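Protein sequences appear in the order of chains A, B, C and D.
The C-terminal residue of the first sequence carries number 310 in the working numbering, and the numbering is unbroken.
The C-terminal residue of the second sequence carries number 310 in the working numbering, and the numbering is unbroken.
The C-terminal residue of the third sequence carries number 310 in the working numbering, and the numbering is unbroken.
The C-terminal residue of the fourth sequence carries number 310 in the working numbering, and the numbering is unbroken.
In short, the hints are calculated from the structure, not lab data.
All values reported here derive from a predicted model rather than from experimental measurement.
Treat each hint with caution, since some may be false.
Identical chains blur together in the list; that is why a pair holds if it fits in one copy or across any two.
[Stated by the list, open to error] With a Cα cut of at most 30 angstroms, we get these calculated DSS-like pairs of lysine-lysine:
| # | residue 1 | residue 2 |
| --- | --- | --- |
| 1 | Lys-4 | Lys-255 |
| 2 | Lys-125 | Lys-164 |
| 3 | Lys-36 | Lys-125 |
| 4 | Lys-82 | Lys-164 |
| 5 | Lys-255 | Lys-36 |
There are 4 protein chains.
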Amino acid sequence: MYRKRTDLALETRELHAKKGQEDGIVVTTRQAGEVKITAMEISPAGEASCGKAAGRYVTLEAGAVWRAEPEAFETAVSELAKELRAMLPAGEGCVLAAGLGNREITADSLGPKVTDRLLVTRHIKLLEKDLFASAGFGELAALASGVLGQTGMESAEIMAGIVKQIKPRCVIAIDALASRRLERLASTVQLSDTGIRPGSGVSNHRAAFNRETLGVPVISVGVPTVVDAGTLAFDLLEELADREGFSPDDATMEKIVEGLQCGSGKDFFVTPKDSDALTTGAARLISAAINLAVHRGMTQRELAEYQSGW
Amino acid sequence: MYRKRTDLALETRELHAKKGQEDGIVVTTRQAGEVKITAMEISPAGEASCGKAAGRYVTLEAGAVWRAEPEAFETAVSELAKELRAMLPAGEGCVLAAGLGNREITADSLGPKVTDRLLVTRHIKLLEKDLFASAGFGELAALASGVLGQTGMESAEIMAGIVKQIKPRCVIAIDALASRRLERLASTVQLSDTGIRPGSGVSNHRAAFNRETLGVPVISVGVPTVVDAGTLAFDLLEELADREGFSPDDATMEKIVEGLQCGSGKDFFVTPKDSDALTTGAARLISAAINLAVHRGMTQRELAEYQSGW
Amino acid sequence: MYRKRTDLALETRELHAKKGQEDGIVVTTRQAGEVKITAMEISPAGEASCGKAAGRYVTLEAGAVWRAEPEAFETAVSELAKELRAMLPAGEGCVLAAGLGNREITADSLGPKVTDRLLVTRHIKLLEKDLFASAGFGELAALASGVLGQTGMESAEIMAGIVKQIKPRCVIAIDALASRRLERLASTVQLSDTGIRPGSGVSNHRAAFNRETLGVPVISVGVPTVVDAGTLAFDLLEELADREGFSPDDATMEKIVEGLQCGSGKDFFVTPKDSDALTTGAARLISAAINLAVHRGMTQRELAEYQSGW
Amino acid sequence: MYRKRTDLALETRELHAKKGQEDGIVVTTRQAGEVKITAMEISPAGEASCGKAAGRYVTLEAGAVWRAEPEAFETAVSELAKELRAMLPAGEGCVLAAGLGNREITADSLGPKVTDRLLVTRHIKLLEKDLFASAGFGELAALASGVLGQTGMESAEIMAGIVKQIKPRCVIAIDALASRRLERLASTVQLSDTGIRPGSGVSNHRAAFNRETLGVPVISVGVPTVVDAGTLAFDLLEELADREGFSPDDATMEKIVEGLQCGSGKDFFVTPKDSDALTTGAARLISAAINLAVHRGMTQRELAEYQSGW
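Make a model of the complete structure from these sequences and hints.
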């Protein structure tokens with residue numbers, strides 16, 4: 001049967017909760033101002049039951065508030081930075097940020113838009129040690145690695161090679177995600193220490209992007225910017241059937257959804273009209289949080305000024 | 001009730017044909033290689049029955065063929081140029097191309113991507129008369145006028161002002177369109193001599209863009225790049241109801257579709273994952289056709305070489 | 001003889017001061033923190049003697065300080081906003097910002113980079129009156145009008161048309177300038193109430209951009225980003241001659257400078273290697289100052305937050 | 001003393017020829033239509049005398065002709081492809097193109113503009129073997145690796161890592177160059193089998209980019225887009241001294257050139273005003289030549305159609 005698609009652990013749980021399968025998942029929530037933070041620890045047993053890789057998933061939800069109010073924005077940045085710091089491994093070596101996705105497609109441009117805004121410092125440490133030491137900088141490097149159709153290479157291949165060369169202590173992979181619900185688009189951030197699985201993200205990465213393939217811990221940060229059109233269609237049809245009190249068989253449902261796409265075999269997604277502003281806003285939030293998490297000697301205000309000065 | 005949205009005359013007719021209202025519409029079709037060309041003449045009576053402004057609409061359909069085969073591409077360019085030439089008014093003054101839409105949103109970037117590729121010559125005529133005269137050029141000017149949120153001005157206001165100043169003999173407005181069917185995305189071109197109505201296009205122009213508001217004839221050229229999410233949802237629900245043999249009432253349908261959007265009041269659209277390549281391809285086709293239609297002394301090959309030289 | 005090129009009133013005066021021609025120019029200076037502000041009032045008599053249009057020119061100089069220190073940046077923004085406000089005419093109608101220059105050429109991209117960062121509000125006033133009134137907004141519209149080779153139209157033609165249509169109370173034209181001295185590049189801002197003359201700017205506007213051609217007052221704001229290569233060459237040769245104690249004749253000098261360009265008739269300019277960062281920084285300064293000058297009910301901090309929120 | 005800067009072997013020879021040091025350099029020239037091709041073989045002895053790494057350098061010169069005439073453009077493409085093919089090592093593994101330089105600075109954007117236009121196929125070989133085999137494709141991958149200030153990593157580090165991972169049979173590095181003469185800007189292409197030395201290019205690469213650092217053969221392709229401002233100044237001053245018959249001492253010369261830059265320690269360069277069109281044109285030429293050299297089963301026409309289709 002058609003598999004409903006989501007990259008959010010929160011929604012995976014939602015899909016499976018209906019079936020009462022929740023062993024091996026520990027959930028805690030807290031509230032910081034207008035931001036709701038949910039942490040899920042999925043054990044190997046939980047992985048088997050919900051299909052999501054074992055590890056830690058943290059979700060920040062704040063709805064439209066983030067956009068309109070600078071204070072909510074600042075709270076979201078500092079909470080996200082706090083969670084990120086808790087995941088960053090100690091030790092030598094820089095943090096390497098990988099901006100995944102296609103810069104030319106608005107809904108897939110989150111990763112490159114984040115790396116564009118990072119305060120990279122690895123070269124300063126190498127070239128101007130004193131300036132580096134005195135300024136409160138941590139060591140950060142970043143690359144937007146493009147997509148398969150542009151480079152002929154998987155992002156995982158590119159980053160695995162660079163990891164071998166520069167030996168970072170971890171990789172932070174930033175990527176646009178698919179959610180199951182339109183309401184979540186651009187209003188939720190997901191952070192995880194499990195990396196990225198094949199088939200995730202808007203670009204549908206074919207290779208895993210995790211500790212096994214890269215050789216160092218991989219933290220992933222993402223924001224849902226699209227809903228898969230087929231997933232949306234199934235949800236709609238189910239709701240209608242539910243309301244009208246009948247149960248269409250799976251074959252009928254699939255026939256309708258297939259008809260929708262005219263057998264073109266193409267992937268379609270649903271996205272808000274103002275996806276440029278939403279993606280840019282999400283990129284500002286995530287880049288500010290990564291800057292703050294890595295450059296421990298600096299405040300959010302100082303980092304913002306760094307970016308707004310000449 | 002929810003109004004299904006389409007910018008294509010072909011589909012408007014489809015929606016209304018069901019109700020048997022076709023007075024005042026004359027349709028002729030022809031085939032050129034793999035390209036099917038449909039011309040619709042809508043009379044004022046037809047306008048009343050189908051809700052589409054009276055005038056001439058020409059649609060080129062070629063499906064995926066255009067993308068894969070250079071010959072089909074060339075056929076499409078020359079057929080589109082032929083239809084465009086037939087609509088261009090004779091007389092003095094340049095042709096002014098207006099690239100509508102938001103460059104930052106892939107599915108809405110068709111207009112700016114077309115104006116980027118036009119061979120503008122109006123200034124050459126003013127500055128180097130002899131070069132202009134000898135080269136087989138027509139007189140072309142172009143502007144991508146941005147969107148309301150970027151400029152604070154309607155595209156129609158901007159272009160109306162420029163028309164007063166430079167007095168072109170007509171305006172060609174290029175815009176991304178909304179279709180009702182996913183299969184039509186990026187595979188159909190619509191050409192019309194009626195301009196653009198309020199609420200059309202991906203950006204939802206608020207002001208009309210036609211002879212009345214601009215003061216000169218307005219030809220519009222567009223390619224559908226999105227399907228409105230609500231329209232898609234209604235079509236899906238209707239099909240399920242149809243297959244299952246029941247008639248849900250309108251209120252139920254609307255409730256489901258509203259629920260989908262969580263009362264966010266936001267607009268969502270559906271678009272293919274490779275919308276960057278599709279939009280760029282469509283922009284190449286339309287720009288080549290406009291160049292060919294305006295610069296009458298040059299061949300398609302010469303114009304292509306113009307763009308590929310240093 | 002070769003005419004040394006500068007768009008800065010400060011430097012024009014420098015060139016002419018040597019010859020003792022300073023009638024009709026009144027200069028006052030003041031210091032605000034690290035920023036030096038020079039105001040020059042050129043009377044019609046001064047226009048005749050120094051060749052610069054009669055009017056008011058204000059120059060802010062702060063050297064490299066602006067770039068490194070957020071406080072100096074804020075001082076520069078508030079001083080520039082203060083001078084701008086003093087030039088803005090009272091009365092009805094919006095302020096229309098015109099971003100001049102070629103976005104594709106780094107050193108010429110100042111204008112478009114500024115309009116990209118403006119908080120335009122004219123449409124909010126038209127569409128959501130209450131939000132507009134309560135927020136402390138002034139009325140601002142903006143357009144980057146491209147260059148002749150891209151549009152086939154002079155920026156002056158485009159803006160003159162738009163002025164007729166939307167009737168702003170004034171135009172602010174932002175443009176990259178040519179200086180005579182490398183040291184001034186990206187460290188000086190010039191503000192003037194005289195508009196822009198033919199031949200000024202990096203793109204060499206062919207048409208004047210002032211009250212006569214646009215029909216409303218024109219304020220120009222610019223930052224030098226290039227030095228004309230021929231001007232630099234002459235200055236170098238003169239200095240060598242001076243140091244070595246001889247006077248080469250003009251013909252020799254011109255021959256050398258011509259030889260430099262191989263009779264290509266091309267224009268060359270000199271620009272710093274990091275012109276992208278310098279131009280972006282200058283654009284941030286100018287856009288912040290325009291936002292602050294127009295949106296009188298808001299503080300610099302609030303405006304910055306507006307841009308950093310989602 | 002100040003070292004005059006050039007990245008062109010042709011000009012290095014010119015500088016040294018004056019001193020009669022030409023041992024170990026073998027030069028052959030040929031003409032193809034309007035294009036002049038010069039091949040220089042520098043032996044280790046030649047390396048010692050002229051300071052340029054031992055290896056093969058091929059230069060194509062065609063002046064402004066390339067820009068204006070499609071036929072001259074096609075000749076240049078096919079000649080450059082022929083020379084490139086002769087340098088490509090036989091054997092397994094893909095060709096990896098590295099677009100060096102800063103996309104945000106027009107004169108330094110050649111590398112990224114070339115990789116944007118390459119027909120990458122490595123992933124097609126992996127994913128769709130049959131399509132790959134039947135189409136006459138060679139195996140090509142490409143990446144624009146950004147600059148130090150954007151990534152915190154040297155391009156040489158990034159590419160060395162990727163080379164270890166994907167094991168290409170060679171790397172083609174594309175980069176904007178510095179010439180000594182304004183007349184050469186954008187009218188000369190240099191091809192070499194020696195890679196790129198520290199301090200070369202517009203971005204001043206700090207690490208070598210050659211067989212030693214990357215582990216596979218490195219072919220470099222570049223076009224001069226800038227002249228170093230100090231180099232230009234020295235040449236000018238020398239010419240004046242020469243014409244006037246005196247010999248200024250080195251200290252005087254250096255003082256003047258230093259004064260020019262006001263001790264800012266900054267690098268300035270000289271570049272033509274239309275550097276966007278020139279760089280784009282050069283990128284089209286080089287990308288067409290690389291596509292043709294690698295995809296041996298396809299013609300120039302077919303490759304162009306590939307890029308102009310949807």
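Here is what the structure says about each hint:
For the identical chains of this complex, Lys-4 and Lys-255 are neighbours both inside a copy (15 angstroms) and across copies (22 angstroms), given an alpha-carbon limit of 30 angstroms. Taking the closest pair of Cα atoms, Lys-125 and Lys-164 come within 30 angstroms of each other both inside a single copy (19 angstroms) and across two copies (25 angstroms). In this homomeric assembly, Lys-36 and Lys-125 never come within 30 angstroms of each other (Cα to Cα): the closest approach is 37 angstroms inside a single copy and 34 angstroms across copies. Taking identical chains as interchangeable, the C-alpha atoms of Lys-82 and Lys-164 lie at most 30 angstroms apart only when both belong to the same chain, with a minimum of 28 angstroms there against 35 angstroms between chains.
Taking the shortest Cα distances, Lys-255 and Lys-36 sit within 30 angstroms of each other only across copies (28 angstroms), while inside one copy they are farther apart (39 angstroms).
Hint 3 from the list above is the single one not met by this structure.
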